[in-house]
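Chemist: For reference, the chains in residue letters:
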Amino acid sequence: GESVGLHLPTLSVQEGDNSIINCAYSNSASDYFIWYKQESGKGPQFIIDIRSNMDKRQGQRVTVLLNKTVKHLSLQIAATQPGDSAVYFCAERVNQGAQKLVFGQGTRLTINP
Amino acid sequence: DTGVSQNPRHKITKRGQNVTFRCDPISEHNRLYWYRQTLGQGPEFLTYFQNEAQLEKSRLLSDRFSAERPKGSFSTLEIQRTEQGDSAMYLCASSHSGGLLEFGPGTRLTVL
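In order, the protein sequences belong to chains A and B. All letters in the first sequence, in the order written, are residues 8 to 120 by the working numbering. All letters in the second sequence, in the order written, are residues 259 to 370 by the working numbering.
This is chain B alone, in the form it adopts within the complex (with noise of 0.2 Å):
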């Protein structure tokens, strides 16, 4: 397993679109964490899953966006009727249960 992966690494759209994102977590990791960063700013926190229990939701999350982890591996984020302010990093990190955090690369978004 060579790390945290997500798919694509960079997606433009059109304001309204659904755009919706892909991440796989390092395969034993129970935990799996999606994190946005803006330009310039640190990451900060969305959401995470333990399994596939989604067991925090930040206030940031707005109901455009939705997360899921149907069986406990993958994960997706789906943003729906996106704003430019949805233009974005969203990375997604993976972990033990109380163990390090480690991220993927991320996927940029655009929206025009």
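The following block holds chain A by itself, in its conformation from the complex (with noise of 0.2 Å):
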């Protein structure tokens, strides 16, 4: 069950269909974007990356945009299968040089069978 206090954002999809996820970020500067999946009881486990000076990036069943007008990045998941059940945080990197990330709140995406 969910705590007091916790307002993680929840998406549930039928298996096989596509799903999408949307995060904001907060810095304008920020020149390198990440989506992350981190199962239960795991650390958060590299999706997919995309740089500033693209908009638009395919991996292997998935894909990121990037909006950097609204500062808005997605995540599209195509034919979502039971693995894909985890929760999706975007995160951001502040600082070139040291590669600090600044992660979003994110998703929890739940695959009914």
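Think of the hints as simulated: they come from the structure by calculation, not from any bench. Please read all numbers here as calculations on a predicted model, not as lab measurements. One or more of the hints may lead you astray.
Said to hold, decoys possible - Computed list of lysine-lysine pairs in BS3-like fashion (alpha-carbon distance at most 27 Å, straight line):
{"hint": "1", "chain 1": "A", "residue 1": "K78", "chain 2": "A", "residue 2": "K63"}
{"hint": "2", "chain 1": "A", "residue 1": "K63", "chain 2": "A", "residue 2": "K75"}
{"hint": "3", "chain 1": "A", "residue 1": "K63", "chain 2": "A", "residue 2": "K107"}
{"hint": "4", "chain 1": "A", "residue 1": "K107", "chain 2": "A", "residue 2": "K75"}
{"hint": "5", "chain 1": "A", "residue 1": "K49", "chain 2": "B", "residue 2": "K269"}
{"hint": "6", "chain 1": "B", "residue 1": "K315", "chain 2": "A", "residue 2": "K49"}
{"hint": "7", "chain 1": "B", "residue 1": "K315", "chain 2": "B", "residue 2": "K329"}
{"hint": "8", "chain 1": "B", "residue 1": "K272", "chain 2": "A", "residue 2": "K49"}
{"hint": "9", "chain 1": "B", "residue 1": "K272", "chain 2": "B", "residue 2": "K315"}
{"hint": "10", "chain 1": "A", "residue 1": "K107", "chain 2": "B", "residue 2": "K329"}
{"hint": "11", "chain 1": "B", "residue 1": "K315", "chain 2": "B", "residue 2": "K269"}
{"hint": "12", "chain 1": "A", "residue 1": "K107", "chain 2": "A", "residue 2": "K49"}
{"hint": "13", "chain 1": "B", "residue 1": "K269", "chain 2": "B", "residue 2": "K329"}
{"hint": "14", "chain 1": "A", "residue 1": "K107", "chain 2": "A", "residue 2": "K78"}
{"hint": "15", "chain 1": "A", "residue 1": "K107", "chain 2": "B", "residue 2": "K315"}
What the hints assert, rightly or not - Derived coverage of chain B by chain A (criterion: at least 3 residues anywhere in the stretch with Cβ under 8 Å from a Cβ of chain A; other residues may be distant):
{"hint": "16", "region": "291 to 300"}
{"hint": "17", "region": "305 to 314"}
{"hint": "18", "region": "357 to 365"}
Every residue gets a Cβ at the ideal spot worked out from N, C-alpha and C, and that includes glycine.
Take each chain as given, in its own frame, and dock them per the hints.
Modeler: Here is the structure:
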């Protein structure tokens, strides 16, 4: 169950459907963005990244879109599978030298069979 | 090398006790990061090392927290006089300079 004060956005989709997870970032100077997947009891796992000079990047079943005008990122997952169920975080790199990342709140994705 | 490892995976302690966590990064990575993650939130940056030098510390890292990386390989994070608000997942990550951060499984701390 969820704890008091926990406001994790949730998204439920049917297995095989496509899903879109959205994220707003804060720093217009950020030059690099990453989507991470985190399963229960595990550390964040890299999914896909995009540099600020691009607006779209595709991977295997995943696509990241970047809209710098409104400081918005999205992660599209095609043909979702049960193993896609996890919490997804976007992260922005705010300090290129230090590789310091600022993470968004996260979205819990549940894939229904 | 199988990735970043952290020990212990879980730690339960009483308020006021000291705890120490260990992180073993990917062997060829010269950078090591500590993040803290509370329930339902994204990880928050605490500090990072390049080799043995601690180059940046967040304001989140109070004077009860200290991190070391004495030989530029493994790192320890110590919390003195733990408080209930210290309960969180402590994540370690490593990377090459300018490279992708790879995270370990984390140490979950519960302060009673």
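Chemist: Please go over all the hints and tell whether each is borne out by the structure.
Modeler: Checked hints:
no. : hint              : verdict
1   : A:K78 <-> A:K63   : holds, 14 Å
2   : A:K63 <-> A:K75   : holds, 11 Å
3   : A:K63 <-> A:K107  : holds, 23 Å
4   : A:K107 <-> A:K75  : holds, 19 Å
5   : A:K49 <-> B:K269  : holds, 15 Å
6   : B:K315 <-> A:K49  : holds, 24 Å
7   : B:K315 <-> B:K329 : holds, 19 Å
8   : B:K272 <-> A:K49  : holds, 24 Å
9   : B:K272 <-> B:K315 : holds, 26 Å
10  : A:K107 <-> B:K329 : holds, 22 Å
11  : B:K315 <-> B:K269 : holds, 23 Å
12  : A:K107 <-> A:K49  : holds, 20 Å
13  : B:K269 <-> B:K329 : holds, 25 Å
14  : A:K107 <-> A:K78  : holds, 18 Å
15  : A:K107 <-> B:K315 : holds, 11 Å
16  : 291 to 300        : holds (count 5)
17  : 305 to 314        : holds (count 3)
18  : 357 to 365        : holds (count 8)
The structure fails none of the hints (numbered hints given earlier).
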